[in-house]
Every structure is written in structure tokens, then in C-alpha cells.
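**Student:** Read off the chains here:
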Amino acid sequence: MARGNGCCSSFCKCFFEYETPRVLVIQNKCVGTINRLIQASIVSYVIGYVCVIQQGYQDTDSVISSVTTKVKGTALANTSDLGVQVMDVADYIIPPQMENSFFVLTNMIVTPNQTQTTCPELPNPSTICTSDSDCTAGFSNPRGNGIQTGKCVNYSDTIKTCEVVAWCPLEIDTNLPKPALLAEAENFTVLIKNSIRYPKFNFNKRNILPHINSSYLKRCTFDRVTDPHCPIFRLKDIVTEAGEDFQTMAVNGGVMGILIDWSCDLDLSEKRCIPKYSFRRLDNKNPTNNVAPGYNFRFAKYYKDCDDIDTRTLIKAYGICFDVIVFGKAGKFDMVPTLVNIGAALSFLSLVNAVCDWVVLTFLSKRDYYSKLKFIHVDENEDTLSEGTMYGTQ
Amino acid sequence: MARGNGCCSSFCKCFFEYETPRVLVIQNKCVGTINRLIQASIVSYVIGYVCVIQQGYQDTDSVISSVTTKVKGTALANTSDLGVQVMDVADYIIPPQMENSFFVLTNMIVTPNQTQTTCPELPNPSTICTSDSDCTAGFSNPRGNGIQTGKCVNYSDTIKTCEVVAWCPLEIDTNLPKPALLAEAENFTVLIKNSIRYPKFNFNKRNILPHINSSYLKRCTFDRVTDPHCPIFRLKDIVTEAGEDFQTMAVNGGVMGILIDWSCDLDLSEKRCIPKYSFRRLDNKNPTNNVAPGYNFRFAKYYKDCDDIDTRTLIKAYGICFDVIVFGKAGKFDMVPTLVNIGAALSFLSLVNAVCDWVVLTFLSKRDYYSKLKFIHVDENEDTLSEGTMYGTQ
Amino acid sequence: MARGNGCCSSFCKCFFEYETPRVLVIQNKCVGTINRLIQASIVSYVIGYVCVIQQGYQDTDSVISSVTTKVKGTALANTSDLGVQVMDVADYIIPPQMENSFFVLTNMIVTPNQTQTTCPELPNPSTICTSDSDCTAGFSNPRGNGIQTGKCVNYSDTIKTCEVVAWCPLEIDTNLPKPALLAEAENFTVLIKNSIRYPKFNFNKRNILPHINSSYLKRCTFDRVTDPHCPIFRLKDIVTEAGEDFQTMAVNGGVMGILIDWSCDLDLSEKRCIPKYSFRRLDNKNPTNNVAPGYNFRFAKYYKDCDDIDTRTLIKAYGICFDVIVFGKAGKFDMVPTLVNIGAALSFLSLVNAVCDWVVLTFLSKRDYYSKLKFIHVDENEDTLSEGTMYGTQ
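Note that the protein sequences, when read in sequence, are chains A, B and C. Reminder that position 10 of the first sequence reads as 10 in UniProt numbering, one-by-one numbering, no gaps. Reminder that position 358 of the second sequence reads as 358 in UniProt numbering, one-by-one numbering, no gaps. Reminder that position 141 of the third sequence reads as 141 in UniProt numbering, one-by-one numbering, no gaps.
Keep in mind the hints are simulated off the structure, nothing from the lab. Each hint should be verified, as a subset may be incorrect.
Copies of the same chain are indistinguishable here, so a pair counts whether it falls within one copy or spans any two.
[Stated by the list, open to error] Lysine-lysine pairs mimicking DSBU-like chemistry, simulated, CA-CA at most 35 Å apart:
1. LYS372 - LYS276
2. LYS151 - LYS218
3. LYS271 - LYS218
4. LYS304 - LYS236
5. LYS205 - LYS72
6. LYS151 - LYS70
From just these sequences and the hints, can you work out the full model?
**Tutor:** Right, here's the structure in full:
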């Protein structure tokens with residue numbers, strides 16, 4: 001060989017070299033069994049737990065969702081102020097549409113014909129007064145109803161309270177109708193249209209499944225057993241399945257969650273990716289620390305009377321706010337998580353040797369003999385190999 | 001060596017020991033090539049797929065977003081009930097603001113001057129009657145319009161239906177205006193302000209990019225080619241890019257998704273983290289199973305007439321609900337995923353040996369010779385090493 | 001041994017075989033120290049960084065949340081059009097409820113008594129005209145207020161503009177009240193009820209913590225130091241903590257984020273899973289590229305006058321939109337991520353050998369000696385082992 005290409009030839013030689021560890025093969029039932037058992041448990045962990053149960057071979061994506069809802073039903077409300085009234089969708093859904101939720105009015109306190117004027121505050125320790133000096137003109141209690149004028153006026157024959165500028169007469173919200181005014185709301189139905197998307201997998205689906213036809217949709221109502229894919233829900237069924245009583249909840253209002261779980265294994269057929277509905281009460285029913293239990297808010301309808309004076313009807317609306325909460329993760333086979341999981345498991349296989357070596361060199365009767373075969377000890381301070389340590393390699 | 005510090009010295013000896021496997025180096029072009037090929041493919045997988053394509057060295061965070069929208073434009077609506085009307089933002093955006101979405105009214109059925117009284121139900125198989133005995137006082141069909149009084153009255157000269165207490169006259173929603181009343185809504189524009197945050201990386205950005213100045217914003221309209229960063233969208237453009245026809249959609253309404261993708265590689269310059277807009281129709285256009293195709297809801301405007309009687313104008317509003325859906329994941333270099341991915345890949349390198357050993361011990365002509373060099377077999381039942389197995393180690 | 005069960009016996013033999021690499025143990029302080037140092041750093045990385053800091057042993061889940069809000073307070077607004085007015089919750093919260101956010105009106109431009117008629121457009125370069133020929137009947141500028149009639153009429157004594165069909169008189173929004181009409185809104189308080197759920201771990205919690213009692217809730221206000229768990233926030237405190245001035249923000253409006261971070265380590269006690277509140281301004285305060293700074297929208301109150309003509313009061317509402325943004329990840333011990341992280345770290349241990357081998361075979365004075373002990377070189381082209389390479393194994 002010419003000297004000139006010595007470097008190249010040395011590289012070639014190195015390139016085609018294959019290094020393989022020299023091993024000691026021990027025929028021993030005990031150690032062999034331990035060895036195979038640990039190997040088997042690692043392999044079964046990878047196959048069983050990571051792949052089958054946790055689906056560690058999948059890449060995941062979170063759901064993107066769009067929800068529209070449509071409530072149907074009419075109810076008779078008998079209010080002392082307004083008399084018997086029929087209430088339909090335009091009356092009891094407030095505001096008329098929301099994203100991902102809808103509010104159904106079930107009870108209310110109506111204060112009609114409010115105008116901007118002055119009237120005595122509602123009596124409570126901080127508003128009851130005996131003379132004008134107890135009231136401060138311009139003072140506004142954040143939990144009061146208006147701005148004080150500084151006068152102390154008769155609230156009733158026996159009580160005097162500070163006068164306020166406010167929408168008068170003030171709302172008195174102590175007598176909440178019981179049973180709820182719209183007790184019949186339990187029979188209302190809601191159609192929930194939900195379309196979802198997993199952007200990473202370019203997967204779209206709706207909760208109105210392909211096999212559902214129009215005539216079925218016109219008459220069906222969701223039932224966990226008989227109609228689990230019908231997207232039309234009776235309000236009472238929702239509340240009942242969450243373990244609550246509709247009539248009790250209707251009085252004070254509350255927040256219900258309609259949870260739609262779109263967890264899907266996209267390695268399977270698309271047909272098997274179907275929504276799972278569940279229902280939960282989201283506010284706390286009767287805890288010890290409940291201020292203003294239930295759910296309510298105030299809104300007003302504004303009018304002008306014939307003298308062009310602004311009047312309003314104030315409504316304190318109690319009702320059930322239904323939050324449609326869509327969640328879920330889709331998984332699909334992907335190289336990276338698969339290899340990461342298998343790779344991590346493989347590195348545990350190297351632990352098998354650590355355990356078995358320990359057994360071999362500690363418990364077996366021939367441990368010294370095996371040790372001599374396995375190890376060569378060299379000491380930097382000695383010139384030659386020690387006699388004993390060389391034994392196994394001779 | 002003194003016996004007293006024997007334990008310590010033995011620990012020291014053990015501590016400074018370095019164990020390295022003894023290896024057999026085989027010069028063989030075939031095996032060497034296989035060895036290097038597999039190594040190369042694992043290394044290129046790690047560099048190419050995990051790092052470059054999947055960016056496995058990054059930790060990720062999900063986007064947090066806030067959206068406000070502002071629609072501009074006026075349109076002329078010619079309704080039979082109300083005559084020609086100009087409709088501006090306050091009229092056609094209902095409710096006036098929503099989080100993450102906005103509704104543009106494009107068509108409507110107006111039923112003015114409804115009052116609480118009695119009137120015959122709309123005729124359908126369950127409401128048509130011949131005598132009072134066909135109607136049940138107090139019965140309320142969830143899909144009907146009111147509460148039955150128990151009387152059977154003339155709906156028209158030929159048809160009798162059950163009388164209901166309801167907001168009368170009842171809405172007749174069979175004649176939907178075609179073309180849509182607000183056909184001109186296609187020229188409305190919407191300014192979408194979107195600010196996002198990746199909390200894990202403390203990164204904030206808005207969709208109004210820093211290089212966009214005020215005068216540009218006053219005149220620009222989004223165009224995928226010429227103005228891809230202008231946050232002002234013409235409604236028709238949105239619908240058209242989703243492959244739909246605005247005028248068709250305006251008649252029955254629908255749900256459009258304005259998808260803003262904020263996927264960012266935060267290892268790069270912040271400037272390169274820009275939103276990508278796309279548009280999709282989210283409801284199903286013309287499937288076989290479509291009840292109530294499109295999108296509509298009812299709301300009412302409440303009045304008091306001069307006799308203080310509540311009247312309302314019921315509006316069945318058809319329109320396009322635009323959902324602004326913000327999504328995205330940001331990635332930034334992080335030690336943990338990097339090391340997990342490299343570590344997992346490293347453990348695959350140990351598989352190279354398994355493959356090459358198999359080749360060496362099965363296919364090479366000198367396989368027995370190599371085998372004897374690589375292995376020492378010891379059997380627990382034999383006292384000394386078997387002759388043959390010792391060959392390679394002599 | 002009978003020949004019949006040779007196969008079986010061979011399998012058994014193979015099954016109970018245990019392969020362990022033969023190793024060379026080098027007693028060398030330098031290499032031993034390097035070896036132990038690298039091992040120690042890998043182990044401390046796994047324990048310190050992956051486990052303690054990054055909690056790599058945990059599986060994570062994203063939060064699902066439901067928010068309701070209730071604002072309290074009244075304020076006096078002195079508008080030129082409507083005189084002094086008390087405004088309460090029903091007046092300044094628009095719409096009366098939203099999911100995850102609430103809008104507090106702080107300033108407004110009121111245009112009362114608009115009716116559908118014709119009036120001159122507001123003067124701007126594109127609407128100013130000198131004769132009817134400058135105006136196009138039926139033309140509607142998307143940024144204008146109505147549909148042009150084609151006439152050119154007097155806007156004032158000196159200016160003529162195109163006439164439009166619109167809700168007239170047109171809104172003039174150039175004189176924004178300063179200070180804001182509802183300057184007192186800074187003292188309003190808001191109660192935020194937030195219930196969250198981690199579905200993967202079946203964990204539910206509310207931001208009203210169990211130890212908070214009803215009487216505390218009636219009087220407390222959030223304060224980062226003294227009352228960090230009180231869910232009642234004073235609006236001014238929110239804005240101030242975000243580094244903004246409430247009065248400045250109230251004039252033009254804006255968007256505030258109330259961020260609730262529910263990041264929890266569910267391996268610890270449930271009691272330690274508590275919400276962390278923070279506040280940020282989400283819109284851009286004073287950038288160079290700000291069209292329509294702040295936040296506003298228009299809505300109308302509709303009336304019928306005594307002649308049954310529709311009139312409306314148009315309100316351009318400026319205010320602060322508070323977005324309640326709930327985020328967080330919960331972690332809980334899980335086998336898969338634990339094993340993946342440890343496994344990946346283990347495979348780095350194999351790198352230790354690579355480094356130490358390189359040291360041993362390159363820098364140690366006895367490198368040739370060690371090399372001969374470690375390696376057997378065989379060449380496919382040679383019949384027997386080369387003399388030198390066999391040295392170490394003799």
C-alpha cells in the first residue's frame with residue numbers, strides 16, 4: 001500500500017469497523033428467569049400501558065368548537081304586577097343569543113313604571129335615619145340604590161330613611177315568587193348545534209351525526225338510553241341528570257354545564273368519533289359561604305310615556321344559565337411520540353443487566369468464578385494484570 | 001494497609017473504578033456498512049424529523065386571546081310591514097356586543113303590534129280542530145305558540161284551530177323574503193382587534209401589527225394577496241373565501257368561522273409571529289338531515305301604547321353569526337423536551353448492535369469464529385468452561 | 001438426551017441463558033472521577049430539573065371554566081341631552097349578561113329622538129357637495145350614515161352635503177364628554193364567581209374558597225395583600241393594578257383582562273390549589289397605529305311615539321370591557337411521563353462510556369495497554385487474530 005493514501009485507507013478501515021461487546025453467557029435458571037421476567041414486564045408495559053391504555057403512540061390536538069342553540073316552548077307566568085302573561089322565546093331568552101351559552105328566565109321580580117326621581121332608600125342599618133344630619137348629600141353606597149340627597153324622609157309610618165335620587169319606586173326583591181313564575185320551563189326543549197374541528201388533523205364533525213335524518217330530528221328528545229345522539233334536550237332532563245331538582249333551581253336560578261366531550265381516537269373510523277354529553281351544576285347549590293345563591297341579573301325595558309318622560313320596567317331575572325362546554329382531545333398515530341415512548345422503554349432494558357449482574361455476583365454460589373470471567377481489573381499503579389483477575393480470560 | 005480504614009479505602013477504590021465493556025472489533029465491509037447506515041438513519045431522524053419538522057426541542061404553550069369587533073355600514077331594507085328602512089349598526093348587530101363573535105342581521109320576519117291576548121293557533125295536524133273537545137285548556141305544546149284556552153275557533157273561513165293565549169297576532173314565518181332584506185350587508189366591513197398572550201413565555205401581541213399605521217388602517221381592506229395583514233374584512237370576502245355565496249347565505253342565515261391561527265416559533269424573531277386568517281362555514285349548508293337550516297333567533301322590541309298596554313314587535317332575525325376562533329401553539333426551546341427526544345433516539349442506537357450482531361452471527365462465513373470470540377458460555381452444571389467456548393478467549 | 005425433544009431443550013437452554021457484557025475495570029483516579037462526575041450530573045438533572053422544577057413526572061390537563069359576574073353600584077351622569085340621571089346596573093351593563101366578560105359603560109354620546117327620514121350627511125371630503133350632481137341616489141358609503149338620495153342640501157349656512165335617508169338627526173360623535181360621564185364607576189364592585197374543572201383528574205373547585213364565609217363575602221374587597229382570596233373587585237383597583245388610570249380609560253373605553261390562573265399541582269393538598277388573579281390591559285393604549293382608540297359600540301333604545309312612529313335613542317357607548325380569562329394546567333403524577341423522562345435520562349448514561357473511553361484511549365499513558373485489553377480486532381481478510389490485538393486477552 002502506498003504511503004500517500006494511508007490516511008484515507010485508515011478512515012475506510014475505521015468506517016467499516018463494527019464494534020460489538022464481548023459477552024459472557026451464563027446458563028443459570030434463576031438468573032435467566034429473572035432476566036426474562038424483567039424483559040417481559042418492560043415489553044408488556046410498553047405494549048399494554050403506553051400503547052393500549054395511554055395511546056402513547058399518538059399525537060394529540062385540542063378541539064375548536066362553535067355552538068348555536070335554539071330553545072322552544074311557551075309558558076304562562078302569573079305575576080302580581082302584570083297579570084297572567086304568556087312568555088315565549090323572545091321574552092325569556094336574555095340576551096336573545098350568546099356564544100356557547102343560553103339563559104332561560106324562570107323567575108323574576110318586576111318593578112314597572114320606574115322614573116328618575118327621588119324616593120326614600122330601602123331601610124337597612126346604614127340608611128335608617130332620624131334627621132337630615134344622618135344623610136350625606138351626594139353620597140352613594142356601592143350596595144345602595146341611588147345617590148343620597150341629604151334629606152331624611154318617611155319610608156313608612158314608622159321608619160325614616162335617607163332620600164335618594166334613583167329610578168323610583170325602588171325594587172323590593174325580598175319576596176321571590178315560589179314556585180317559580182315559569183315553572184313550566186321544565187318542558188322547554190333546546191336544540192344544540194355544535195360543530196367541531198381538530199385543526200392539526202384537518203378533521204371536522206357536527207353533533208348532528210350523518211345517520212340522523214330530518215324527520216327523526218323533528219320528534220326526538222335526548223335520552224341517554226333510547227336517543228343518545230339526539231341533539232334536542234328537555235331542560236328538566238338536563239337538570240335531573242345533574243342530580244338537581246328543576247323546580248327548586250328555577251326559583252333562585254343557577255348555572256348548569258352541558259359538557260360535550262369530543263375525545264376521539266382518529267386512528268379508528270370517523271364514525272366512532274361521536275360526542276358524549278354530560279350535565280353538571282356549575283354553581284354551588286347550598287354551601288355555607290353562599291352570597292346571593294343561584295343566578296340572577298337585572299335588565300330593564302325602556303319606554304317613553306306620552307309626556308316624553310323616560311320610564312322603565314326593571315326586571316330582576318332569575319333563571320338557569322346553560323353553559324355549553326365543549327372539550328376533548330383527538331389522537332392520531334405519529335412517529336415522534338411513538339419513538340419517544342418506545343425509546344424510553346428501551347433504555348429501561350439496560351437496567352435489566354444491572355439487576356441480573358447484581359444477582360449473579362452476589363447470590364450465585366459460583367459468583368467468584370463468574371466475576372473472574374466478567375471482569376479484568378487493571379490498576380494504574382501496577383504494571384501487569386493481577387493474577388486473579390486474569391483467570392477468567394485465559 | 002491498616003485494617004481500620006479498609007472500608008473507606010475499599011469505597012475509594014470502587015469510586016475511582018471505571019468499567020468499560022470489552023469489545024470485539026470486526027473489520028467487515030458488509031456489517032460495517034449496515035452499522036453505519038442504521039446509525040446514520042437514526043441521527044438523521046433526530047436531526048431531520050424531530051428537530052427540524054416536529055421541533056421536538058421546544059416546549060409549547062396554548063394561546064390566550066381577547067377579541068373585539070366593530071362592524072361598519074348601512075343598508076336599505078324594504079319590509080312589507082315597516083316600509084323602506086335604513087338599518088345601521090345599532091339595528092343589525094344583535095346583541096350590540098358579544099365576546100369573540102358578532103351577528104349581522106341579513107333577513108327578518110317582523111310581526112308588529114303583538115299584544116297578550118287570544119287568537120287561533122297556526123294550523124298544523126295537532127292544532128286543527130272541529131269542536132272545543134279537540135282542545136285542552138291549559139295545554140302547551142312545546143313547539144306551539146301559546147297556551148290553549150280549550151276553545152276551537154276559526155283560523156280562516158275553512159280551517160278551525162285551537163285558540164291560544166299568546167302574543168297575538170301570531171308570527172307567520174313561512175314567507176321568508178328572497179332576496180334577503182339586507183342584501184347590501186355584503187359590503188359591510190368589520191374591524192377585528194385581537195390581542196393574544198402566551199403566558200408561559202410572557203409573550204403578547206396584537207393582530208394590528210407594529211408596521212401598520214393609522215392612515216393605512218383607515219382605507220385598507222383585507223386581501224389575501226395585496227393586504228394580508230389588514231384587520232378590516234369585507235363580509236362578502238369572508239363568505240366568498242369560505243366557498244359560499246353571500247346572497248344565498250343571507251336569506252337563511254348561517255354561521256361563519258373567522259379562524260385566526262397564531263402558531264408561532266418564538267425561537268425566531270418576534271416579527272415573524274403573525275396571525276394567519278382563514279374562513280370556514282361552520283354550520284352545515286345543505287345536508288340531508290338539516291332541521292331549520294341556517295341560523296336565526298327571535299327577539300322583541302317592547303313598547304307601551306298610550307293606554308299603557310304592553311305591545312311588542314317580534315323579529316325573527318336571520319343572519320350570519322361570525323365566530324372569531326383564535327387558536328395556536330407557540331414553541332420555544334426548552335431542555336426537557338430536547339433531552340427527552342434525543343435520549344429516546346439514543347436508546348435506539350442500542351438497537352443497531354442487535355441488528356448487526358444478528359447479521360454477524362447468522363450470515364457471515366466466519367460466524368462460528370466470531371461467535372467464539374464474542375461469547376464465553378458457562379453452564380451452572382459444569383465445573384469448568386467448555387473447551388469450545390473458551391477458544392475465542394485464549 | 002433424546003433427539004425428539006432437542007428443539008425444546010434448545011429453546012429452554014436459550015431461554016435460561018443470561019448474557020452479560022465482559023468488562024474491563026480500570027482503576028484510575030482521573031477517569032473514575034470523570035465517570036462519576038458525568039453520572040452525577042445526569043442524575044442530578046433528572047432529579048433536580050425534570051422532577052423538581054419541570055415536574056416531568058406529571059400528566060397535565062387543561063382547565064374548563066365557567067364564569068358569572070355581578071356588578072354593583074350606582075352613579076350620577078350629567079348629560080346635556082338627558083339632564084342629571086342616576087344610572088344603575090340595568091343601565092350601564094350592556095348586554096345585561098355575557099359569558100366570561102362584562103361591559104361597564106363609563107361614557108356615552110346620546111342622540112335622542114331619531115326617526116327614519118332624510119337629513120344632510122355629516123360633512124367630510126366625500127360628502128360635501130355643491131350641486132345634486134355630486135351625489136348619487138342609492139349610494140351608500142360603508143363608512144357613512146345612510147343611503148344617499150341624490151340631493152345636495154344645506155348642512156349649515158356655509159356647507160352643503162349630500163342628503164341621506166337615515167335615522168335622523170345624525171349622531172355627532174366629535175365631542176366626547178371629558179371627564180367621563182360615569183366617572184364614579186371607579187367605585188363599582190364586581191363579584192366574580194368562577195368554577196373550574198379538570199376533567200382528566202375529575203377535580204372541581206370554585207374561586208370562592210371553602211374557608212370564606214358569607215359575612216366575610218358581604219364586606220370584603222380584593223386586595224393583593226390583605227384580602228387575596230376575596231372574589232369581589234373594585235373596578236378602580238383592577239385598572240390601577242394593570243398600571244392604568246381609571247379616569248383616562250373611562251373617557252375612551254378599553255379592554256381589561258382579569259386573568260385567573262388555576263395552575264395546580266394536584267399531587268399536593270387540594271387546599272393549595274387556589275386561583276391567582278392578575279390584571280392586564282388588553283387593547284393598546286396609545287400606539288402610533290391606533291384607529292378608534294379605546295372601546296365603544298352603538299346600541300339603540302326603540303320607542304313608538306303617540307302617532308305610532310318608530311323613534312329611537314342612539315347611544316354610542318364607551319366603556320371598559322372586562323374579559324375574565326381563566327387558564328391553567330393541572331399536573332398529577334402519572335407513570336407514562338415519569339418513565340419517559342427517566343428513560344430518556346438513562347440513555348444519556350450510555351454517553352458516559354463514550355466520553356470516558358475517549359479519555360482512556362487518548363490521554364492515559366497506558367492507553368495502548370488498555371486498548372489491547374479492551375479490543376480484539378478481527379479482519380475478514382485474515383485467517384487468525386493478529387498477534388498484537390490478541391495480547392490483551394491472553
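**Student:** All hints, please: hold or fail.
**Tutor:** Structure-based check of each hint:
1. When the C-alpha separation of LYS372 and LYS276 is checked against a cutoff of 35 Å, the pair qualifies neither within a copy, at 64 Å, nor between copies, at 62 Å.
2. Taking the shortest Cα distances, LYS151 and LYS218 sit within 35 Å of each other only across copies (27 Å), while inside one copy they are farther apart (62 Å).
3. When the C-alpha separation of LYS271 and LYS218 is checked against a cutoff of 35 Å, the pair qualifies only within one copy, where the shortest distance is 23 Å, while the shortest distance between copies is 48 Å.
4. For a Cα distance limit of 35 Å, the shortest separation of LYS304 from LYS236 across copies, 34 Å, qualifies, whereas the shortest one inside one copy, 39 Å, does not.
5. Taking CA atoms no more than 35 Å apart as the test, LYS205 paired with LYS72 passes in both settings, with 25 Å inside one copy and 33 Å between copies.
6. In this assembly of identical chains, LYS151 and LYS70 lie within 35 Å of each other by CA distance solely across copies; the values are 30 Å between and 50 Å within a copy.
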